[in-house]
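Visitor: What follows is the residue order along each chain.
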Amino acid sequence: MPETAALLAHLESMRRIRSFEEEVTRLRASGDIVGSVHLCNGQEAIYTGACAALDLTRDAVFPTYRGHGWTLACGAPPRALFAELLGRATGINGGRGGSAYLTAPEYGMYGENSIVGAGAPIAAGAALAATFDGSGRVALAAFGDGAMNQGAVHEAMNFAAVRSLPVIFLVENNHYSELTPIADMVRVDRLFKRASAYGFPGARIDGNDPEAVRQAVAEAVRRARSGAGPVLLEAMTQRIVGHYIGDAQHYRPAGDLDAALAAEPIGRLTRELLALGVAQSELDELTARVDREIADASARALADPLADPSTVLEHLYA
Amino acid sequence: MPETAALLAHLESMRRIRSFEEEVTRLRASGDIVGSVHLCNGQEAIYTGACAALDLTRDAVFPTYRGHGWTLACGAPPRALFAELLGRATGINGGRGGSAYLTAPEYGMYGENSIVGAGAPIAAGAALAATFDGSGRVALAAFGDGAMNQGAVHEAMNFAAVRSLPVIFLVENNHYSELTPIADMVRVDRLFKRASAYGFPGARIDGNDPEAVRQAVAEAVRRARSGAGPVLLEAMTQRIVGHYIGDAQHYRPAGDLDAALAAEPIGRLTRELLALGVAQSELDELTARVDREIADASARALADPLADPSTVLEHLYA
Amino acid sequence: MPETKNLSYAESVNAALRRALAERPEALLFGEDVGAPGGVFGVTKGLRKEFGDRVFDTPISESAILGGAVGAAMFGRRPIAEIMWADFSLVAFDQLVNQAANVRYVSRGALSAPLTVRTQQGNAPGACAQHSQSLEALFAHVPGLRVCLPTTHQDAYDLLLSAIWCDDPVIVIENRTLYHAGKQEVRLGGEVRPIGGAAVRRPGRDVTVLTWGALQHRVLEAADRLAADGIEAEVMDARWVRPLDLDTVLASVRRTGRLVVAHEAHTVGGVGGEVVAAVAEAGVPLRCPPVRVGTPDARIPAAPGLAAAVIPSAEVIAEAITKSVRA
Amino acid sequence: MPETKNLSYAESVNAALRRALAERPEALLFGEDVGAPGGVFGVTKGLRKEFGDRVFDTPISESAILGGAVGAAMFGRRPIAEIMWADFSLVAFDQLVNQAANVRYVSRGALSAPLTVRTQQGNAPGACAQHSQSLEALFAHVPGLRVCLPTTHQDAYDLLLSAIWCDDPVIVIENRTLYHAGKQEVRLGGEVRPIGGAAVRRPGRDVTVLTWGALQHRVLEAADRLAADGIEAEVMDARWVRPLDLDTVLASVRRTGRLVVAHEAHTVGGVGGEVVAAVAEAGVPLRCPPVRVGTPDARIPAAPGLAAAVIPSAEVIAEAITKSVRA
Ligand SMILES: Cc1ncc(C[n+]2csc(CCOP(=O)(O)OP(=O)(O)O)c2C)c(N)n1
Ligand SMILES: Cc1ncc(C[n+]2csc(CCOP(=O)(O)OP(=O)(O)O)c2C)c(N)n1
Ligand SMILES: [Mg+2]
Ligand SMILES: [Mg+2]
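Chains as they are written, first to last, in full-length UniProt numbering: chain S, 1 to 318; chain E, 1 to 318; chain B, 1 to 327; chain W, 1 to 327.
Derived by calculation from the structure, the hints in this document are not laboratory data. Everything hinted at is true.
One-sided excerpt, in silico: chain S residues whose CB lies under 7 Å from chain E:
#, residue
1, Asn149
2, Ala152
3, His154
4, Asn158
5, Ala161
6, Val162
7, Arg187
8, Val188
9, Arg194
The structure displayed is predicted, hence computed values, not measured ones. We put the CB at the ideal spot given by N, CA and C, even for glycine.
One chain only, chain S, in its complex shape (with noise of 0.2 Å):
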């Protein structure tokens, strides 16, 4: 049984994620932030405890443009990332990367991938380096459940399985690729079980617990530092938003959207919480604390400058 400090670490770096993500929606409904926005409502535990996990000064992950959550979890501050996504000189790209291609090393994440599977091959590279350097670093890859079935995620797998890669595999499994179903679109649809076609272990487990999630990734961190290889873990979740903001997901089936409700990680953890017996007004402080970091962030990058276009051709090569 974790102990409740460490499970209300876990509800605030969740709640980090959360509070980010509904003032974004909100930025993008006033326009001060515009185009495509992929929120991740709903996976918050995956970040949360696979970051628990990790040892960011020197492990990395590799996520998708569904980043935010990721990059919060790494310790990225918030108000580097609005600004990203506000097109702030601030912004943690200046501006460059936007919501979904952004990049943060300083807190050990490696970069967005907006091209469904290609963060993998670049993960197992950076794994590759970590076999040359002594550092014990790891990497870790994390797409959704749509993403493998791309040529790159097969190749990336075979390529960490034969090398013996410290690099981990994590599978986001939301149920859905943008607006259809994965169940429609493989005939197996526990993923997890293609790890043992390139012979390293897989198992799916409970994305909506981020201590689950945690003990999950640091077995595989020990195994990957040990020298292993490769795991690949399926943690099942679901979105609580669209695809994309805007999205009105017609495409799910009645009551899916309110079950995902009922199983969300943060009231879930909550109740969890509640049932260690920690007071409802910790957790209420909590929130708010949290909330006003966010809104207090998010103030400070609308009012920071934009990016300045007189910038815009540095830095294309060294």
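Got chain S; can you put chains E, B and W with the ligands on it based on the hints?
Guide: For chains E, B and W with the ligands alone, coordinates are given in the frame of chain S:
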């Protein structure tokens, strides 16, 4: 116990392929054929067995650059094939395809492919067409062990699985990918096991026994035509020559080639037929007849006119 | 029987697809989210319902989609495959360049690959560097392919039908900023025309401005502004970048003696270079050096203010035209 | 300490790789068959033995190879990845265009991808259409990449080292017909130069002939023949097609007043168009229209006699030069 006549037909088909490749070796040495040539010596049982199970008036095979054997087993005339390799106007593609990229659709041979793995999705696409035209056509994609690590093959397998396409994936596992052993490039060298990840049957078969191949492919064809979808067959074989003409095979461990020669399908079937009571003289006559046929085809092709350069811009578009 | 309807660009594409599926029983339509959901941009809405299993969703497997199209085409179907963003075609580029483009040539017509790839490209506010490129130059360099960029609603309908009717592989590059940006009268049901042919969008005597794709709207805006200064630019929409309708371009340049080429793609190595080179080779006397307008050497940044600094604006285009005319 | 050795082109590449692995402990060398077998062309022979696990074989997985290189580079290694044929890069083109090219720009230098891709391209007798293309135009259109085509043995050594030392992704396009076609004196161990810069291979006053890649040998042959007719062509090797050394080209064209660009790649959409357009835009007065020589619209047929009818020969090049000078 299959009838002797069927076995003799297999032997004749395999012998035709072997004689063809032996003549190609001579023509390459003499400089009549130029460029990279991939021989299939030792792998003949696969082509002979598979083609015996297909209905080539409607079914189609999609092999690789190592495709002379497939083309002959499909029934394409040796002369037009020699002419193709010799760059003659009478070549089956007028010299445009060459050894590694020729096509003979009128015989059910829908094109070699020189890009490793690329034929798999194309075959799946042909099978897709067959699900719409009521023809009952089946597509067979053949490729090497090394191709199993290509993204396109993975995508083709999942696509075929989820749409239950009438396609057979046939791996010619000759243990090497060019100069590299497959065993060094995968953790699980029982490649057929990957099928289970996609939810369809996979099996290892004796790729040096044409009758075993015929039976396995016949069963796969039956399944495919019934609408049950794809099958992955891993036919175990060995090439008894280099990857390409000129490959000195330094990478083969001592004894490897000798073992392959001892197990190669023509010698093996010859021994079986003798044990079944077929007379040596009958087998000698078969060999002599096929060798004459091939020598004659080669001589005629050599006498054919070279492809006419003035036609070289034709047929780029309809 | 031809009729005229007031349609959005997306609806024009939809109408062309509906007609193709109705008139060509061998047509198939597939891609990610194109079936049941009707496409991420709503372009294929209703087609799954109307045509059943001939319209379907695929896994996120571009090599299977494009390779599947090649194989299905070889086997007598007429596949229309969607690649959601042109950027994504690069995960499966082999199937277009090494596969589709070779089928007819190598077999001397014994086989063919009459497939259509619908995709869309370009920058839109907030889009990231992996969702913003204009890649027509990569396709246009490949003999065996045909490539068009319909910009008007009418062309969205007409060019797509020409592509589907074509017996060779055709890449149709649309633009998502056009899909829902207003309605136009579109003639439906007319004759399906063979591929090729540029179109004059605005006649003028002073300078020939060749363009294609959504940038055309900025070019027209620039031309309209310059008219106030007495500069009359002839704006020509290439429509097809392979084959380029060089004759029409040359005829215009012979009249105006000046050439500006404007595209959203990166200038270096873009199709603009091909146009300028072809005109220069033809020896048409120019009154001033030709000018290319395109995106300078940079990746496309997500922040709208940054992207606006690299994607050619109407101002930048107007300046280039002015420079050419005043030279 | 610099020394001079008599080496084949393949040995020159090998020497550069050996030096890089020796001097840059962060260098890795991998690809299909490059390790234990020493490469299908023997180019990497002996390096596995000498440098152990830093030189290794990969599965036939180009996306893993190139993506692996991107990731390893981000994590501080300096990967040198081999793609056996440029044609094969198209199965994994995403990793170069959408991934490698963006790393530095999007992160404003917080990350970088100092990787080198060695590949080789072009036609050789009997090679099929999928093993014969010259694809430099596809790479050269991508800001964020650098692209060179070493043709001399010295350049095979020098340019590869410049590429490996470069802190950004570089594509080095070799040519298999050069690997074992004779030895030349090669200076080893000299200073590693920054990337870029064309080279004059043959001075001349009458016409500037810019070329790159193995075709250069045919261009020089053509130039030598024409010298007998009194035509003195200046043959310039671009060496780098991104960045193009336009200044050197312009200086030559200003002197000669004539421009021919010759490459093995398809003419339409090839880098020749970029060169001609850039020269035209620069407004350098030409005494006759520029001429491009390249492969016409066709796929590359396998039969040597057919391929010879599309790949530019010395005769075709000589004719183009003559046409230019006599115009
Ligand atoms: C190569 C490629 N193909 C298609 C897309 C378009 N696309 C973006 S997100 C997405 C769905 C991905 O689904 P999944 O992998 O399950 O991740 P999720 O969005 O559910 O997190 C698709 C098809 C893309 N970005 N890249
Ligand atoms: C995409 C691609 N990568 C690499 C190659 C180079 N290549 C040609 S054959 C070959 C080995 C293939 O091995 P395997 O699949 O086992 O088939 P085999 O040659 O043994 O029949 C390789 C790597 C290629 N043609 N295409
Ligand atoms: Mg998903
Ligand atoms: Mg093999």
